[in-house]
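Following the hints, put chain P in place on chain G, whose structure we already have.
Protein chains: 2
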Amino acid sequence: MKIAIAGSGALGSGFGFKLFQAGNEVTLIDTWPDHVEAINTNGLEVDFNGEKGTEKIPAFFPQDVKDTFDVVFVFTKSMQLANMLEAIQHTLTEDTKIICLLNGLGHKQTLAKYIPVKNIFMGTTVWTAGIDAPGKVHFMGQGPVELQNIDPNEKAAAEELVEMMAKAGLNGQYSDNVVFSTWRKACVNGTLNVLCSILDCDIEELSKTETCRNMMTSIITEFSLGAKVEGVTLDVTETVDYLMDLCGKVGPHYPSMHQDLIQNHRPTEVDYLNGAVAKMGKEHGFDAPTCQIITDLIHAKEDLLGIKR
Amino acid sequence: MKIAIAGSGALGSGFGFKLFQAGNEVTLIDTWPDHVEAINTNGLEVDFNGEKGTEKIPAFFPQDVKDTFDVVFVFTKSMQLANMLEAIQHTLTEDTKIICLLNGLGHKQTLAKYIPVKNIFMGTTVWTAGIDAPGKVHFMGQGPVELQNIDPNEKAAAEELVEMMAKAGLNGQYSDNVVFSTWRKACVNGTLNVLCSILDCDIEELSKTETCRNMMTSIITEFSLGAKVEGVTLDVTETVDYLMDLCGKVGPHYPSMHQDLIQNHRPTEVDYLNGAVAKMGKEHGFDAPTCQIITDLIHAKEDLLGIKR
Chain G
-5 MKIAIAGSGA LGSGFGFKLF QAGNEVTLID TWPDHVEAIN TNGLEVDFNG EKGTEKIPAF
55 FPQDVKDTFD VVFVFTKSMQ LANMLEAIQH TLTEDTKIIC LLNGLGHKQT LAKYIPVKNI
115 FMGTTVWTAG IDAPGKVHFM GQGPVELQNI DPNEKAAAEE LVEMMAKAGL NGQYSDNVVF
175 STWRKACVNG TLNVLCSILD CDIEELSKTE TCRNMMTSII TEFSLGAKVE GVTLDVTETV
235 DYLMDLCGKV GPHYPSMHQD LIQNHRPTEV DYLNGAVAKM GKEHGFDAPT CQIITDLIHA
295 KEDLLGIKR
Chain P
-5 MKIAIAGSGA LGSGFGFKLF QAGNEVTLID TWPDHVEAIN TNGLEVDFNG EKGTEKIPAF
55 FPQDVKDTFD VVFVFTKSMQ LANMLEAIQH TLTEDTKIIC LLNGLGHKQT LAKYIPVKNI
115 FMGTTVWTAG IDAPGKVHFM GQGPVELQNI DPNEKAAAEE LVEMMAKAGL NGQYSDNVVF
175 STWRKACVNG TLNVLCSILD CDIEELSKTE TCRNMMTSII TEFSLGAKVE GVTLDVTETV
235 DYLMDLCGKV GPHYPSMHQD LIQNHRPTEV DYLNGAVAKM GKEHGFDAPT CQIITDLIHA
295 KEDLLGIKR
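Sequence order for the protein chains is G and P.
Read in this note's numbering, the first sequence has 73 at position 79, and its numbers run on one by one without any break.
Read in this note's numbering, the second sequence has 76 at position 82, and its numbers run on one by one without any break.
Bound-form chain G, shown alone (with noise of 0.2 Å):
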């Protein structure tokens, strides 16, 4: 298949060299202009599970794409996809799948205003990959990368796409439950993410405060109604029974928006987790004011830590 990687950091890196090892035509398309010139220069050097391999796959940035593509997938950071889009159209037909595999909320409807419904493909991943140097990432897994059509026409166009990942070793699954499993971590990273963060504390310690639970409630109960809004019932208490428990298992660790924000003033992206529920209930007509507050709070440290958004 002709297939585009639109955002060829570490992740889509992964995911480029081994749907190319696995006789694919692959373009990596990415906005980093030392990243995309060391790739052609030296090809894309990939170390998959601790094996290192090197491969010549034909890097752009994406107003310089030629070619359109049967299957694109995106791998851009939350806050840059609506961007991408933007600037690959050209290299978009009208039978173009788009694969998504992003954390965060909100991505399909950005999607839904680029292509049509029966194109659009969403997924999650628990692969994780990082850059080493410009042309050089690592790229880690072998957990199941589920995938599922939203247009309920389209389960075998799905699976034929499921059947391309797992040939290529990237462990494609069918599911008909992303949409679930979506705001499932929507509601980790909505939680424990931006609370760690606007509280300056690790996972153990928030778990440890008097009103962490009461917090939690208060935003995933806005979380169940955004939820609903897409058919996924989010059962409030269980989802927090398994957010407090999941603080346990983790213990003394940072996450990654708190990395973002406090450690390294990068952008959070709230925008697509809270955010977006606060967008949504304005939208559809549900009330999602402790959502607005913590978004809000979010964006006033990143003005007051001078991080441009």
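Just so you know, the hints here were simulated from the structure itself, not pulled from any lab data.
Check before you lean on any hint, since a few could be wrong.
Which copy is meant is left open, so a pair is good if it fits within one copy or across any two.
Mimicking PhoX-like on lysine-lysine, the simulated pairs with C-alpha atoms at most 25 Å apart in a straight line are [what the hints assert, rightly or not]:
no., residue 1, residue 2
1, Lys50, Lys112
2, Lys302, Lys202
3, Lys149, Lys(-4)
4, Lys202, Lys179
5, Lys179, Lys276
6, Lys273, Lys202
7, Lys107, Lys161
Here is chain P on its own, set in the frame of chain G:
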């Protein structure tokens, strides 16, 4: 008149000193052993607007007071009010009037658990004071000490108490607007104090964040619902305009809650600001989720800093 000062910290000592000098029979009540002992041994030394004086005024622990009183001023910290009232119950008759000039919300409800509403007189003061050592305080002010009866039939009694304060040089003034003034002050503390404490910033920095006005609007909208229960109209837009304007005037200063919580690791009075509005919401059937999560975040921060409540 026979007057007790229940909570003879800085401000209470100042009031007691002036009332004593005006010829009233004053008893100081406090729970701090060093302070009570110093006053009984050396007298109460007060620097009033730069002029020093010492008066032999009897001081007691609450449980050791034998008398009953015509008037009791409560000058505890907000969170100690209920305990103090509990401890001095034996000093109250069915005619003892209580004057409460404390900042914050919900004190009237606390008082009403211990004395009839006809005996409750609420007020506001802009006078300030500090403790220099056990038995030694400074006390500053000249602005009005406003007072109002809660029971509509008790206006004459309020005017008598005002006269007593005026005679003591405390600039007592009758006001039919005390409930509004109390809410107005609470709006300042329920936004500037809590937001600067959560975000660890000064008032000027807060006012320059992009989401400042939005956060204030979310909070004041809920405060206006609480005020409505008490018959007070708070115009949300006008109040937020006033607060934003106030931020500009106050400039790069940290509010008192930031000093308490972040700088000195002392418990905050959030339960008598946003927490009181959240509680009113539960009792009177309006939603106040923003005030609830703000209160929970402040309490979580107290826990993280090891502050006992």
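Taking the hints in turn, this is what the structure says about them:
1. In this assembly of identical chains, the alpha carbons of Lys50 and Lys112 never lie at most 25 Å apart, being 33 Å within a copy and 87 Å across copies at closest.
2. Taking the closest pair of Cα atoms, Lys302 and Lys202 come within 25 Å of each other only across two copies (14 Å); inside a single copy the shortest separation is 33 Å, beyond that limit.
3. When the C-alpha separation of Lys149 and Lys(-4) is checked against a cutoff of 25 Å, the pair qualifies only within one copy, where the shortest distance is 20 Å, while the shortest distance between copies is 85 Å.
4. In this assembly of identical chains, Lys202 and Lys179 lie within 25 Å of each other by CA distance solely inside one copy; the values are 22 Å within and 33 Å between copies.
5. For a Cα distance limit of 25 Å, the shortest separation of Lys179 from Lys276 inside one copy, 22 Å, qualifies, whereas the shortest one across copies, 31 Å, does not.
6. Taking identical chains as interchangeable, the C-alpha atoms of Lys273 and Lys202 lie at most 25 Å apart only when they sit on different chains, with a minimum of 23 Å there against 30 Å within one chain.
7. Within a single copy, Lys107 and Lys161 get their C-alpha atoms no closer than 31 Å, and across copies no closer than 73 Å, so neither meets the 25 Å cut-off.
Of the hints listed earlier, those the structure fails to meet are numbers 1, 7, in rising order.
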